[in-house]
Amino acid sequence: MADLTYENKVILEMREHFRDKIIETRVQRERRVVMRTSKDNIESVLLFLKEKMGFLHLSHIGCVDWMEENRFEIVYILWHPQEKINVLVKVDIDRLNPVAPNIDYIWPQANTYEREMREMFGIEFEGLVGPRELILEDWDDLPPMRRDFDTLHYVMENYSFRSGREDAQNVREVIANRTGEEIPEFAKKYSR
Amino acid sequence: MTFWQTLGAVLLTILIAFISGLFYMGIRRKVIARIQNRYGPPLHQNFLDVMKLWSKESNIHHGIMQHLAPLWMIAMGVSTLLFIPIVYNSTFWANFTFKGDLILLLYLMVFGSLGFALGAGQTGNPNSAIGVTRGLSQMVGFEIPWVMALIAVMIQYKTTSLTDLVAWQQQHHTWIAFQQPFAFLAALLVIPAMFRYSPYDIVIAPSELASGPPSEFGGKYMGLMMSSGSIFMFAKLALIVDIFLGGATSWLWMIIKTLSLYMIPVLWSAINPRYRTEQAIWSLWRWPLIFAVLGLIIASV
Amino acid sequence: MNYVLNDRESAKIVEFIKNFARKNSLWVLAYGTGCGAIEIPPTMTSRYDAERFSVRGAATPRQADVLLITGYLSVKTLKRVIRSYEQMQDPKYVIGFGSCTINGGMYWDSYNTIKQLDLYIPVDVYINGCMPRPEAVLAGFAKLQELIGRGQANGWRHYKENLEWYRQNQRKLIKNWKMPDYNW
Amino acid sequence: MRNEKTTTIYLGPQHPGITGNMMVKLEIQGDTVVKAETHIGYLHRGFEKLMERRNWLQSFTIVCRICVPEPDPNEENYARGVEEIEGREVPEKARWIRMLVLELARIQAYLLWYGGQSGSAGLYTIGQWSVGDRNYVLDLFEELTGGRVYHMYIWPGGVRRDLPKGFKSRVAKVMDYIEKRLDDYDRVMFDNAVFQKRTQGIGYIPPEKAIEWGVVGPPLRAAGIASDVRKDDPYEFYDQVDFVVPDMYNTSDVWARALVRRFEIRQSINIVRQILDKMPDKGPVWNKIPNPHKWRIPRGEAYVKTESARGEFGYYVVSDGSEHPRRIHVRGPAYVHGITLLEKILVGQNIADVSVIMNSLGTCPPEMER
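Chains as they are written, first to last, in our numbering: chain A, 1 to 192; chain B, 1 to 301; chain C, 1 to 184; chain D, 1 to 370.
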């Protein structure tokens with residue numbers, strides 16, 4: 001195990017600067033630091049990480065729908081190009097009133113991630129510009145990445161399948177009947 | 001020459017030019033395929049393509065100029081061909097050559113492209129419009145050295161008749177390419193641009209403009225354009241052979257000479273990417289123009 | 001010579017010549033609609049070289065004969081595919097490429113891909129596999145050529161005749177229908 | 001005479017110059033692009049939704065479909081993400097084989113790039129050669145995994161099967177052949193004055209902004225910043241092989257990116273040779289996983305990343321302790337390259353160069369929209 005000095009330093013500095021606004025800090029493994037903050041502080045935390053700590057590169061913004069706990073969890077993953085560390089900053093937002101701060105003035109590419117989340121999860125970002133449609137077109141159902149959107153149900157309603165799929169399930173028997181072949185007793189249970 | 005003889009000669013010339021032009025394109029595709037490490041299509045593939053295009057059943061309507069454009073092209077291709085003497089000292093194959101035909105040819109060769117530009121403009125496709133502007137700029141690029149090279153030849157031999165030029169070369173057993181090398185070099189460097197092969201394929205540039213001016217032309221129009229392209233291509237090659245490479249004493253020689261000349265831009269295009277528009281024009285105004293000016297100086301001294 | 005061709009026979013001969021030309025010159029629209037597009041470059045280039053079977057690419061729909069639906073079609077793409085297909089000049093052919101065009105393939109439960117291609121545009125030949133190898137693609141082209149030669153690749157005619165039925169299926173998926181009429 | 005009137009050109013989705021099924025809406029004045037807007041979504045299949053419905057083993061078979069030109073980094077990411085959450089050990093030989101597969105995938109992706117880059121500039125001969133030669137690498141894949149394009153080979157706990165007999169020598173042979181062919185490509189492509197003219201000074205990314213704008217992979221290295229996940233966050237045994245991350249081509253234009261890739265494909269061939277030397281002959285290649293229908297991964301999350309041919313490929317894997325993944329979010333390099341970055345650097349470029357720039361950035365639509 002390599003020494004985790006910089007990883008711990010990040011946590012220390014963040015705790016010192018933000019006090020109790022930062023919670024659940026931990027070193028997940030080498031080069032991965034996880035922390036959690038609240039929706040109101042996320043902009044200042046990200047700005048601090050970028051400007052002061054040197055986490056210049058925004059790798060990723062992910063979103064997880066914890067439907068049972070009634071929250072969306074947005075994860076900002078930053079990368080430190082010199083110290084080679086990823087920091088994962090998590091923030092929870094309310095699932096019933098999903099509004100999150102817009103950070104595309106910090107990193108321009110955040111715009112795309114946020115537009116995608118707006119479309120896929122229905123999260124509103126304050127002051128986010130750009131067309132509302134990024135990936136889908138004329139979508140009028142629930143945002144598809146929410147847990148309560150049932151894709152199979154949607155498929156069954158909107159698309160039709162080619163018949164014949166049922167027939168293909170007992171291939172062995174169908175072929176045997178066609179050729180008049182007798183399937184041995186022991187093989188019958190495998191013929192499906 | 002009776003009327004019927006002339007008509008027969010004209011039709012035969014067009015037919016042979018059409019067939020050999022399509023075969024040349026087939027050979028080009030085959031040669032390039034071999035360079036690219038593959039087997040390539042059969043030599044007669046272009047005939048099949050043209051036949052298929054003619055057998056297409058529907059066409060779109062964008063306006064009257066769009067319908068006329070391919071006809072315009074084929075008319076200009078055919079008329080260019082008919083003013084070029086194919087076989088030396090033959091009254092049958094002399095077609096419509098007359099004194100001063102070189103000047104007319106210079107005019108005719110531009111005319112077809114201009115007509116097509118109008119037609120392509122009417123289709124309303126932005127790719128066509130950009131392709132047309134590119135094509136016209138490139139035409140300005142290559143016409144200047146090309147015309148200067150021809151003028152150099154005209155000045156040196158004090159004639160504007162192609163028949164006279166061919167006769168002079170045949171009687172002196174030499175080629176103007178050796179007598180007036182700079183003009184020939186200028187013409188040679190300009191050929192890829194005339195044929196719009198790489199690196200001068202900026203007009204049709206698939207990865208930039210879909211297929212440029214012909215974007216909206218499909219079916220029978222495309223077939224007409226391919227046929228006129230083959231005739232026009234043969235006409236251009238025959239013109240250069242007549243002026244610089246001593247003409248031909250028979251159809252066989254004509255075909256050998258044009259085909260060998262054709263291989264130069266073909267091989268050159270196989271290994272070159274495409275210029276940007278301004279690069280293409282500047283490259284045409286550099287060495288070809290310098291050679292053409294040198295040719296002019298030599299001719300007039 | 002006192003035998004004269006009657007109309008039907010001459011039409012037959014003309015049809016034969018047309019079909020011969022059509023089957024030996026297939027221009028494929030350069031439209032990679034799905035992941036199968038990755039096997040198109042190998043098919044077209046040096047080892048498999050589809051050009052020796054008279055198959056080559058065409059840049060715009062106006063010039064193309066064959067529309068390759070390379071794999072799954074999302075609803076957004078379907079709209080563009082219909083438009084490209086309708087821009088193509090008759091006769092035109094469609095090859096459904098990969099399992100996804102046949103029955104949804106591995107995206108059978110995806111909310112954004114169509115499951116049966118021939119509900120929306122007429123398909124002449126299906127190539128199965130995920131993804132089909134270049135050999136399979138060439139075999140598909142050979143099959144298409146065979147069908148054209150026999151005059152049986154009539155998807156385009158079928159589409160014209162049953163336009164209403166196709167439109168109905170298309171409109172069910174494409175909610176915001178802002179397209180010009182057929183053959184615009 | 002400056003005219004304010006602009007023309008709108010839709011580059012794609014049906015266009016020979018576009019890198020896949022996407023669309024760039026260009027506003028042009030004359031030949032100059034004044035505004036570019038990327039439209040994606042033509043390839044959206046909803047992978048991330050589908051994976052929520054599938055169990056952990058079923059998800060493994062669909063991750064490779066996320067990026068078509070180079071599917072293996074996806075499998076690698078998924079496998080490593082699952083292993084990291086579960087704490088599963090991977091046998092040594094399997095890790096070497098994974099590296100081998102990844103490097104071969106990189107080589108074939110670069111060969112495809114050769115074709116795309118030169119084809120977009122109008123030089124079709126290189127595309128015919130390199131895509132043809134790429135088949136030799138695909139043949140190796142076929143022998144190893146059964147599939148030419150989609151391999152489904154790297155799975156959680158190892159790889160699916162051991163190397164076939166004599167495979168190593170065949171890999172070495174193909175590497176020798178490709179190395180020889182690369183010189184031919186250089187002669188026709190990189191030594192060509194027209195190609196140099198077409199690519200130099202085009203598609204400039206300011207190096208001081210590159211990291212902030214989210215540039216990764218070859219475009220970032222072409223800006224003079226030696227950044228490579230294989231060095232920065234080593235996975236598998238990349239810390240045991242020698243290779244150089246190029247930072248000497250720092251003009252940050254299309255030409256520099258081409259040079260970086262030319263350099264890196266040779267590096268990859270070198271790495272493959274080292275892997276063949278260092279790989280143990282014997283040993284298990286996978287750890288048995290439990291019954292896939294009852295295979296639960298403990299609650300947790302992991303951010304894993306792999307260097308693909310186009311740059312950093314990241315997976316954010318979340319498990320809620322059930323048989324199905326909670327969320328797998330994919331971050332492809334083209335996600336940034338193809339949208340925000342492309343929109344920025346296309347402004348002011350000639351319309352002839354749009355396709356060249358897109359190829360040099362490696363925009364790949366299937367990974368943008370999944």
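Hints should not be assumed to be uniformly reliable.
DMTMM-like cross-link-like pairs, simulated, lysine to aspartate or glutamate; straight-line CA separation at most 25 Å [what the hints assert, rightly or not]:
1. D/K25 - A/D104
2. A/K90 - A/E13
3. A/K90 - D/D242
4. D/K93 - D/E208
5. A/K84 - D/E208
6. D/K35 - B/E278
7. C/K143 - C/E164
8. A/K84 - D/D162
9. A/K90 - D/E52
10. A/K90 - A/E157
11. C/K12 - B/E57
12. D/K35 - A/E119
13. C/K178 - A/E133
14. A/K84 - D/E212
15. D/K344 - A/E83
16. C/K175 - A/D104
17. C/K160 - B/E57
18. D/K93 - D/D247
19. D/K278 - D/E83
20. A/K50 - A/D20
21. D/K231 - A/D20
22. A/K50 - A/E68
23. C/K143 - C/E161
24. A/K50 - D/D247
25. A/K52 - D/E212
26. B/K30 - C/E161
27. D/K35 - A/E133
28. C/K178 - A/E157
29. D/K5 - B/E278
30. A/K90 - D/D162
31. A/K39 - A/D92
32. D/K168 - D/D242
33. D/K278 - D/D191
34. D/K209 - A/E43
35. D/K209 - A/E83
36. C/K178 - A/E83
Here are some chain B residues pointing at chain C (derived, C-beta under 7 Å) [as the list claims (entries may be wrong)]:
37. Y39
38. S55
39. E57
Just so you know, the hints here were simulated from the structure itself, not pulled from any lab data. The structure displayed is predicted, hence computed values, not measured ones. Positions of the beta carbon are idealized from the N, C-alpha and C atoms, including for glycine.
Cross-check of the supplied hints:
Between D/K25 and A/D104, the direct Cα distance comes to roughly 22 Å. Compliance with the 25 Å bound is thereby established for this hinted pair. About 17 Å separates the Cα atoms of A/K90 and A/E13, which keeps this hinted pair within 25 Å; it holds. Among the hinted pairs, A/K90 with D/D242 is inconsistent with the structure: their alpha-carbon atoms are about 36 Å apart, more than 25 Å. Between D/K93 and D/E208 the alpha-carbon distance is near 41 Å, which puts this suggested pair outside the 25 Å criterion.
A hinted pair counts as satisfied when its Cα atoms are at most 25 Å apart, and A/K84 with D/E208 qualifies at roughly 18 Å. A threshold of 25 Å between alpha carbons decides the hint, and for D/K35 with B/E278 the separation of about 21 Å falls inside it, so the pair holds. For the proposed pair C/K143 and C/E164, the alpha carbon gap of about 29 Å is over 25 Å, so the pair is violated. Of the supplied pair hints, the one linking A/K84 and D/D162 is violated, its CA atoms being roughly 34 Å apart against a limit of 25 Å.
A threshold of 25 Å between alpha carbons decides the hint, and for A/K90 with D/E52 the separation of about 21 Å falls inside it, so the pair holds. Using a Cα cut-off of 25 Å, the hinted pair A/K90 and A/E157 is violated, with the two alpha carbons roughly 36 Å apart. Straight-line distance between C-alpha atoms of C/K12 and B/E57 comes to about 16 Å, which keeps the hinted pair within the 25 Å bound. For the hint pairing D/K35 with A/E119, the CA-to-CA distance comes to about 24 Å; that is within 25 Å, so the pair holds.
Note on C/K178 and A/E133: the hinted pairing holds, with a Cα-Cα distance of about 17 Å set against a maximum of 25 Å. Only pairs whose Cα atoms come within 25 Å are accepted, and A/K84 paired with D/E212 is accepted, the gap being roughly 15 Å. Among the hinted pairs, D/K344 with A/E83 is inconsistent with the structure: their alpha-carbon atoms are about 28 Å apart, more than 25 Å. A C-alpha spacing of about 32 Å is found between C/K175 and A/D104, which places the hinted pair above 25 Å, so the restraint is violated.
Of the supplied pair hints, the one linking C/K160 and B/E57 holds, its CA atoms being roughly 13 Å apart against a limit of 25 Å. With a CA separation close to 32 Å, the supplied pair D/K93 and D/D247 exceeds the 25 Å bound. Under the criterion of a C-alpha separation no larger than 25 Å, the hint pairing D/K278 with D/E83 is consistent with the structure, at around 24 Å. Taken as a hint, the A/K50 and A/D20 pair is honoured in the structure, with Cα atoms around 20 Å apart against an allowance of 25 Å.
For the hint pairing D/K231 with A/D20, the CA-to-CA distance comes to about 35 Å; that exceeds 25 Å, so the pair is violated. About 33 Å separates the Cα atoms of A/K50 and A/E68, which puts this hinted pair outside 25 Å; it is violated. With a CA separation close to 24 Å, the supplied pair C/K143 and C/E161 stays within the 25 Å bound. Note on A/K50 and D/D247: the hinted pairing holds, with a Cα-Cα distance of about 24 Å set against a maximum of 25 Å.
For the suggested pair A/K52 and D/E212, the alpha carbons sit about 14 Å apart, so the restraint of at most 25 Å is met. Distance hint between B/K30 and C/E161 is unfulfilled; the C-alpha atoms sit about 41 Å from each other, more than 25 Å. Distance hint between D/K35 and A/E133 is fulfilled; the C-alpha atoms sit about 19 Å from each other, no more than 25 Å. Between C/K178 and A/E157 the CA atoms are separated by roughly 23 Å; this keeps the pair inside 25 Å, and the hint holds.
Taking the CA atoms of D/K5 and B/E278, the gap is about 21 Å. The hint holds against a cut of 25 Å. Simply put, A/K90 and D/D162 have alpha-carbon atoms about 40 Å apart, too far for the 25 Å limit, and the pair is violated. Distance check on the hinted pair: A/K39 and A/D92 sit about 7 Å apart at the alpha-carbon level, within 25 Å; holds. Proposed proximity of D/K168 and D/D242 is supported: the alpha carbons are some 19 Å apart, at most 25 Å.
Restraint check: the Cα-Cα separation between D/K278 and D/D191 comes to about 36 Å, which exceeds 25 Å; the hinted pair is violated. Using a Cα cut-off of 25 Å, the hinted pair D/K209 and A/E43 holds, with the two alpha carbons roughly 20 Å apart. As the CA atoms of D/K209 and A/E83 are separated by approximately 18 Å, the hinted pair is consistent with the 25 Å bound. Distance check on the hinted pair: C/K178 and A/E83 sit about 53 Å apart at the alpha-carbon level, beyond 25 Å; violated.
Here the hint on B/Y39 is kept, as its CB sits about 5 Å from the closest CB of chain C, short of 7 Å. A cut of 7 Å between beta carbons decides the hint on B/S55: the least distance to chain C is about 4 Å, and the hint holds. With 7 Å as the threshold, the beta carbon of B/E57 comes within range of chain C, its nearest partner Cβ sitting at about 4 Å, so the hint holds.
Violated hints, in rising order: 3, 4, 7, 8, 10, 15, 16, 18, 21, 22, 26, 30, 33 and 36; the structure is consistent with all others.
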